[in-house]
Amino acid sequence: MLYMKIAWRSLLRHRAKSIIIGTILFLASLIMIIGDATAIGMRRGMEKNLVESFTGHIILVSNEETKDNVLFTPMAKPLKILKDWEKIKGVLSKQDFIKDFLPMTRGGVAILGGQGMNFMLTFGCNFEDFQRVFGNPINVVEGKFLNGTEHGMLVNVDGRKNQYKNQGYWLVPTGTQLNKANLSDEAKKDLPNLITRDSLALEGFGEVNSTNKDVPVTGVVRFRSLNSSLQEITFLDIETYREIFGYYTARDIVQTLPASEQKLMTASEDDLFGGGIYSSGAPAGSIGDLEKTIKTETKVTRTIDFDTAAWNYVSILLRPGENLNAAVAKMKQVAKDNDLPVKVLSWKTASGQVASTADVLQSVVVVFVVLLFFVAIIIIMNTLSMNALERTEEFGMMRAVGARKGFITRMFLAETFSLAVVFGGGGILLGEIVAVILRNVHIGSGGNQIMELIFGGDTFRPILGFSGMMIGVVGLAVVTVLAVIYPVLVARKIRPLDAINRH
Amino acid sequence: MNVIELKGVKKDYPLGATTVHGVRGVDLAIEEGDFISIIGPSGSGKTTLLNIIGCIDHATEGSVKIHGKEVTTHSDRELTDLRLHTIGFIFQTFNLIPVLSTRENVEFPLLLMKKEHLSRREIRSRAEKLIEEVGLKDQINQKPFELSGGQRQRVAIARALVTRPAIVLADEPTANLDSETGDKILRLMKELNEIEKTTFIFSTHDPDILKYAHGVVKIKDGLMAS
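Residue numbers (my numbering), protein chains in the order written: chain A, 405 to 907; chain B, 6 to 231.
In case anyone wonders, no lab produced these hints; they're calculated from the structure.
No residue lacks a Cβ here, since even glycine has one placed at the ideal position from N, Cα and C.
Heads up, none of these hints are tricks.
Going by beta-carbon spacing under 10 Å, a handful of chain B positions derived as facing chain A: (1) C60; (2) I61; (3) L87; (4) N100; (5) L101; (6) F113; (7) A165; (8) D176.
Some chain A residues well away from chain B (every beta-carbon gap over 12 Å; in silico): (9) E456; (10) S497; (11) D504; (12) N566; (13) Y573; (14) A713.
Isolated chain B (complex conformation) (with noise of 0.2 Å):
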């Protein structure tokens, strides 16, 4: 079943007087539990591609399906909502929030979702749990700006999963790391997927990483290349 369904997506900027083309028509279909990773060069259309599959961008035209339902006619409400239950986010520059610790960063999501009517103890739980899973157990009290890089994009993953989302999406999860570190967070990532199946998307430009993937989308001037 194809969790993500895009056909004919097309974004577009005006700039002044032309418009810059970001994504120029891609159709693309990505089946639950699958591993992709999306390439290009800078400025290809990876991260609008991204934003558009995860609902933090509006496609200028085309049809985008998030568990078969059109979204791209969602209000931000409900988007808000989209992103929340069903899709987890690992931004390329970390993206924490300053002033919690690595335990309540991670909580933070469980924390707006009223719906489910979590406990207090569930939630920090499963935020413990996580922690744990990427190695941060012994930072676990300790605030953003008391972490190294790599520990704030463990954060982040952590906090991307912490919803048990269908899909992860991110973007450029290595580019600020050190090749080892960035090796140890896709292997992280393998693993969630092999054992939660959860659908990974991530973009990147950096062949060596392209070996965990399971399909490979290149994009190129922001046109589907294979």
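Okay, chain A solo, but in the shape it has when bound (with noise of 0.2 Å):
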């Protein structure tokens, strides 16, 4: 084509200029394809290092809960307990969409003894079951894992390291030696003197029905992945979580007592001090009046919120390939429809700050992108202007001659677009390379929280995939269009008599 052999001469005669607008494009393809490539490297981290490692997609609290932020606030109040627990199970087995679901606890804790009050965030669980659930997401460190019933609990490695430095002991998992090599440097620096624990004394946060109780350590843990970010969070076994939280289920407070204690419980102030059932001799009061009082009150009971098991929320994992939001959707619906007493929540609403720092990083990433974008386009359109006004007298005279304005703007898209898929071609090439590059060096975050979060895990994986190359190919056209529309509108305004009168 006639405009296509023009623009490619074009750009070769004024090849500094196209030079100038290529490595614009160049760059800013490059940079933009490095961004979206941690952009959706952080989005899938996340997704696999917290969401499919921990919180689950989708949160199912109590319809009684007033806040979403439920997941990771130490101080926050107490969750409600959920209602028709059976009930909810029989539901989400049944749902295509829900790959896998698991109830939990979660609630602030006190920590008695040492220097002064101090707090841990504890979810209570059947472990073996979360390590099912999330396919092994936590590697024991020291100790062991809490296996069926036992009761303990499960420390962060970096979570004890903080406990060190508020509290003053280190945690040692009950029944194993000190492990040096583990010590942090401050515990290092106070090894002679260093005071070690194997259990701590919990007291459930902010429940009327609360009680404390020492727990053992059973094992120190690492998360896989963004174990900094998430080194507060300690494992209790659902019963002790269940006891200090005072939750009782059925079972547990609604018990038979032995025939003495019986008659004690019911038994009046006269009976104790008269000469009722202490009496020395024969026993007080008939016989019968006894079997009768046995009988009509044989089951004491407390007036205690409980449910046939006591968990606060269910994590929700979906099947591959569901969308979120319309999953979150769809599992609104399934609540409504079989009147279940649950509010359906995302993790990023659930789990808070995490997610509303690691939005505001991502966030940060696409602005500066569309900062760039901006600046390139800025650039590019005003040295293209400028390159159509200094080929006044090759438009004017090409209008002069028959071409219309149409030829003229096809020539100079030609050109420009010519530049975008050369250069900005190469530059996205050359993002992926890079990306390929980065992802393979394994750049670690450092223990840094922030950084865990801007790379979704503990390394910098930088991904672009299919998508993220189509996002860098509309990018790339969008500044192109974007930049190109002026300097075309200015090529198509000069007359055959501007480039006269130029002379």
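With the hints as a guide, bring both chains together as one complex.
Structure, rendered in structure tokens:
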């Protein structure tokens, strides 16, 4: 095509300008692709290392829960107990879009003893189920995992360092020796006088019925990824959790008392201090009275909130390919249709600050890329406009001998898009190569929480893939189109007379 | 038959608070096959008049008819098509497309003529024939910067004639040429006028080249002197 021929030759003729515009397109594409790859890697990393390893995609909490930020707030009000767990479980089991689900508890506990009062964010669950559902996201560093009905706690390896800083003692799993290699630098300095403990006295924080209990440290653990961000999380076996928070199942609170205890429970003061049940000799009162009492009041109950099993929330993992927002909407409909007493939250909503920080960091990357785009657009627009004006004679003469405005437009667009394809395409390809290199270099976060969130894990893993490449191509096309609109208008406005007047 | 007809044509240029009158009411009729020279001193309005006839400038007032059709009311696209199919331009400053060779420059207007459905072979043959006629066969693949001033002007003539226009307008075609080359160019134009019956209108302020013209239009201060 004629205009393509002229366009290509003009690009070669005006090499300096072509290189300037091309370089801007190249750099913009390169940085955009690396930014995209970082954002996509971050999103996928968060998905894999946080959502699929701990929070689940959807969180169900009691419909009496007023706040949405239910997962990562240590000082938060205790969560309400989910009602009708058996019914919820039955409904969830039938949903096609759900891959798996796990009931859990969450609450802040006060650590008693040590230097002042300290708090800890604890999660209660059947730990073996947790590992199964989330694909073994946690590794043991010292001690062992919680097995079966074993009571105890799993402390995070980084959380233990904070514990030492705040409380002045070093936690060692019960039944194990102090592992000096794992000591923090501060603990190493204090080694001769190091105080070790293998249990913590915990009290459920904020619950009316909470009690305290000395809980053995069963293991010191580490999340496979994002450990720094999740270091405050401590796992308790579910029975210990329920005990310190004063949650009682029906089985716990409805019990049959031996006859002698029942008699004590039903005895009056007169019975105790008069010639009643503790008087020597023959049993007080008639046997018939006592039997009557036993028959009518064989069970004693306390008015405590209870359910068949006390859980605070359910983590739901979606099947691969399910869209989060669509799944949340679907889950809300399922809850409504089945009259489940639950509130449906996406992991982002339930994770509060963690998710919002990740979103902010991702937005920063996106804003940076968008700003870069605008700068690129302005520079390219300016250079192309100057180029159009400098070629007034050429364009004006073409118009004089019969070229329509459309021809000038096509020629100008052909020049600019040729530059975009060659240089911008080069930037995209190099960006992909750089992303692959960066992914394989395994740049670590150094335990920095912000870096962990930017990386979406422990290492920087920019991912581009086909969709990322397409975003890059579309982005490049948008930059080129926006940058060329004004210069094309300038070129179209050039009249044959302008070419003549130049002389 | 009048191929060009101007009546009361005026062209004003606003210049700040004042108005410069480029052409101040010209009536002119040119017949098909004429070889007309417009003469006059610099700034007299020759180029302005040629630009108005060639549809690359608009008259402020008056009527301009080409082949009997009023062109002052034409749209930009209609004027562009008129320039492509009816009018050939030879500019004072050669004005070739710098990135195209001699042949490609001459072929350029033919490639724009979509309606004619000219074949690639036809386009090439017409361009090469004209290039040969203007004596540039050996420079057919050279770019404008590789050609002398006279050679470039001859390329411009070939380009102006390749579409077989009814009218060829030449604005001081010999102004930037030495006398020998200028003479050759005018002889070529005259030859084509006689053979092809193409109407030629050229402006000049060189009285030596008037000998080639059938008629002379004198213009002074934007008005026809004779």
